[in-house]
Amino acid sequence: MAQKIISPLTRENVPIAIQVTVDKGVITDAKMMARNMRGFEYMLKGLAPSDAPYFTERICGICSTAHAVASCLALENATSHDLTKNGVLIRNILFVGDILQNHLRHFYLLAVPDYVDLPEKPPWTPRNRFPNSLPKPVNERIVKNYFRAFEVSRDAHTLTAIMGGRAPHQWSMQPGGATIQPTAERIMRAKAVVERIKAFVTQDYREDVEALAEAYPEYFEYGTRPRNYIAYGTLPNPDKPHEFLQPPQVVLEGKVEALEVKNITEDIRFSWYRGKNQVSQGPFYAKPPEPDRSKQEAYSWIKAVRYKGRACEGGPIVRAYLAGGYRRTNATWDRHLARQWEAANYVEMVLKWISQLKEDEPAYNHWETPDSARGEGLIESMRGPLGHWVEIEGGRIKNYTVITPSVWNMGPRAGPTDLGTVEEALIGTPIKDIENPVEIGRVIRAFDPCSACAVHVITPTRKLEPIRVV
Amino acid sequence: MLTRREFIKALMTMAAGMSIPAFCSELLAEAAGKQGRKPVVIYLEANTCAGDIMSLLNAKDPSLDRFIQETIDLQYQTTLMAAEGSQAVQYMYKSAEENWGEYVLIVEGAVSTRENGKYGIIGELADGPLTGLQAVRDLAQGAKYIVPFGVCACYGGQYATPPNPCGAKGVSEVIGSKDRKKVVNVSACPGHPEWLVGTLTHLFVYGMPDLDPHRRPKVFNGRTVHDLCPRRSFFEKGIFASKPGERGCLYKIGCKGPVAGCDVPLRHWNTFYHWQWVIGCNVPCIGCTEPGYPTKMMPFYRHLPDIRVFGSYTASTAVAKAVGAGTGLAIAGHLGASLLSGRVRENYRKLKEPLPPLPPEPTPSADFTGKQGPLQYEFGDYLGEPDLPSGIDRVPSGPKHPKPLFGKKLIQKEGPDTKASLLARQISKKWKD
Ligand code: SF4
Ligand code: SF4
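In order, the protein sequences belong to chains A and B. Residues 93 to 562 (this note's numbering) are what the first sequence spells out, left to right. Residues 916 to 1348 (this note's numbering) are what the second sequence spells out, left to right.
Certain hints may be false.
Claimed, not checked - Which chain B residues stay away from chain A? Per the calculated CB distances, all over 10 Å, these: (1) G966; (2) K975; (3) Y1008.
To be verified - Distance condition first, Cα-Cα at most 25 Å in a straight line; then the derived DSS-like pairs of lysine-lysine: (4) K236/A / K1158/B; (5) K450/A / K1158/B; (6) K450/A / K137/A; (7) K354/A / K490/A.
What the hints assert, rightly or not - To be clear about the criterion: a stretch of chain B counts as covered by chain A if any three or more of its residues have a C-beta under 8 Å from a C-beta of chain A, and this derived list gives those stretches: (8) 998 to 1006; (9) 1038 to 1045; (10) 1069 to 1078; (11) 1152 to 1164; (12) 1183 to 1191.
Hints in this document: simulated from the structure, not taken from any laboratory. Bear in mind the structure is a predicted one, so any value in this text is a computation, not a measurement. Glycine included, C-beta positions come from ideal geometry on N, C-alpha and C.
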């Protein structure tokens, strides 16, 4: 039996650590350890609510727009604020620009180096050595596309910047809509940029995932886990701003049902918080529990979030499943294929939305800070379900809770047999060479992991003990 | 080769809607040819949102892929590198050793100092976890120059917002006084890719650039947003926006342009279209380049309560004429003073309820030990240990992960077939047979 800890697990946004136990060449236990913390929710206490979108954007640099959307939705929900169609369209377009950027960067820059031979120089060496089963010309094509993806993903981000003024950390999305007008110039430039990346997203991206899948078919099996899925609403509907294009739903053991926030719980048994079985239940307007860095058996700053007691997965695979676009199992390649399916779909959708923009109609409906209110903003971000809960009192933020997709996907266990999502997926994966455990990275990276957004929730109140990792 | 003067002039005048990396990489290549090797760069990610590397990935002409392939020798960058785990960290140290005294250390993200850095662990070494604090202090010693990239790395930024749970600090605050002399801050949130490329070029080709008091290159941060703002004439005429989304000077709804040293009004972001910056989107500048951002800049939409002059300062041209440009500057100075003292946010808080006690201000010292006592402030009562909410069973029914499942996991077949799922099925069948 061998134990191995990989830290940093690079090529993911903000490195996370993973500890696996390998017995007879197969992973028998896995722990996702998030060991960087920031404590956003306590920083937000006492701030002006209208600062929340910009502030929470900084939780994550790769999906900043998602936090802005969720935060705006929460604030608008608090006052039942109405949006204009133009406002929703602009926000959707700039959000989708960020999603496309994320999917492209995720697949090419973060996942592809696990499968192909890149140039033999830093930062691509040193690396795990693995038998490369790609034919040489295919390897060359994918490497070429790897480098092209730098530019294409930048162009996708440009779409966000055309509507949002900047990417990452956009400007124009505000509670109340968007503060820019869709001028002819903006519409034209937005269209041009989408047209430019369309072929790459719908064809090259697809061909590359398929080619890799063909060369490494065992990953149609590695990484599977029970089909417990969760999705909040996918993008607000421009025609009915209070509804989503795809409603919030969960899949439990393969059965689809409507989502109810009260079934979401957060458990801290294996997280660095004081208390043993403390469970908080949605909607999350209460204060978070106190941290306890010296807690025995805890190993992560992330809390274990569950829906009806089950660890659920979020992300493109769930949205593709609910939309009927891609419904095979949830192995490594399925996650990649579903992500590509979604990206290709978004390209079509965003072109439609751009053509619906009206130059002479308002996009912004000013939002006034209420004195006291509560609001909930749930949205599907690139990586899955993202929820913001805000409680306003005396015109200021009293409590702010964020539960991110990576809390769903990268969280720890809630009980000895009740594992976190990625942990479930890792168990059973064979490791050929413990010195070059490429399999671990391949399985985890298909989730598009990101610990930046997962660990933001706490504040320390007592002295910490140094970490011991066996 | 350009002289330094010409170079600086080019950086400043090419700002308007053009990209500088193109001529910078040429200069760098030229210099590299003379020195016989490409400049070595180690890019460390401390406690960060990864926004700065995403921003750098948005660099134009050349894009980052060409820049790292052709112009610089990027040894370590966790978002892009192929290595992982201890292999990566060991390589970082090895590379630093081999290039001791030569490399440029770029740091992204704040350094967590609470409990000697235990809140920000960035890797694993043979003898235990490696904290971001340790890595920064180690690598700083061998660096020729240190370039904190993004406001968090420069001054603590976002994560240093009270109560500063992880003890976030800027790089300069955690390294020795000797190393501090090598620091050039490339600020903003996220850092501007052009500023980083321009700064690197200056460092490699001409050495240390002229710095402002906050150790930022004067060429990028020497002028305020207010000085360069295309809406300055609105300000002078007293035409103010009353809510976001309106044309006009955004001063009254909280613009921090007068205290933000930043040439973005000329340079813009991403593809450099003229609206691609904050005021171009009709929202007030949040002063993201400044030390103390965001704490001292919040509320972002609150115009600064200390400035009485606005009581009589109405949106009429006549008044504006009387007030004149000189007053504009005076206001800026006043605003600066009140921002720097952090009074804005305090006043705002005071309006509502007594301030929670802030954590003690860090006292930077030459030999920073990273020691910090237990936290002074207490947030949140412990909620007790309630049972599971009714109607929720924690562990799903049925056996769960008793033993390794591989080989027994079922491929579930369901749902309409798409081209992709058909293909997937084919491939996996082929493999199984
Ligand atoms: S206050 Fe802001 S918007 Fe007004 S002129 Fe100055 S920088 Fe521009
Ligand atoms: S917010 Fe202000 S300081 Fe920050 S980049 Fe924009 S103009 Fe510059």
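Going down the list of hints, with the structure as the test:
At the 10 Å boundary, the C-beta of G966/B falls inside the reach of chain A, the nearest C-beta of that chain being 2 Å off. Not every CB of chain A lies more than 10 Å from the CB of K975/B, the least distance being 7 Å, so the non-interface label is violated. The claim that Y1008/B is not at the interface with chain A holds, since no C-beta of that chain comes within 10 Å of its own (minimum 13 Å). A threshold of 25 Å between alpha carbons decides the hint, and for K236/A with K1158/B the separation of about 47 Å lies outside it, so the pair is violated.
Restraint check: the Cα-Cα separation between K450/A and K1158/B comes to about 22 Å, which is no more than 25 Å; the hinted pair holds. Taking the CA atoms of K450/A and K137/A, the gap is near 38 Å; set against the 25 Å cutoff, the hint is violated. Restraint check for K354/A and K490/A: satisfied, since their Cα atoms lie roughly 21 Å apart, inside the 25 Å limit. Evaluation of the coverage hint for the stretch 998 to 1006 of chain B: fulfilled, as 8 residues show C-beta separations to chain A shorter than 8 Å, against a requirement of three.
Interface restraint, the stretch 1038 to 1045 of chain B with chain A: holds (4 residues with C-beta to C-beta distance below 8 Å; minimum three). Look at the stretch 1069 to 1078 of chain B against chain A: 5 of its residues bring a Cβ nearer than 8 Å to a Cβ of that chain, three or more, so the hint holds. Judged by the Cβ-Cβ criterion of 8 Å, the stretch 1152 to 1164 of chain B is covered by chain A as claimed, because 3 of its residues qualify and three suffice. For a cut-off of 8 Å, the count of residues in the stretch 1183 to 1191 of chain B with a CB near a CB of chain A stands at 6, and the three-residue condition holds.
Comparing the model with each earlier hint shows violations of hints 1, 2, 4 and 6; every other hint is respected.
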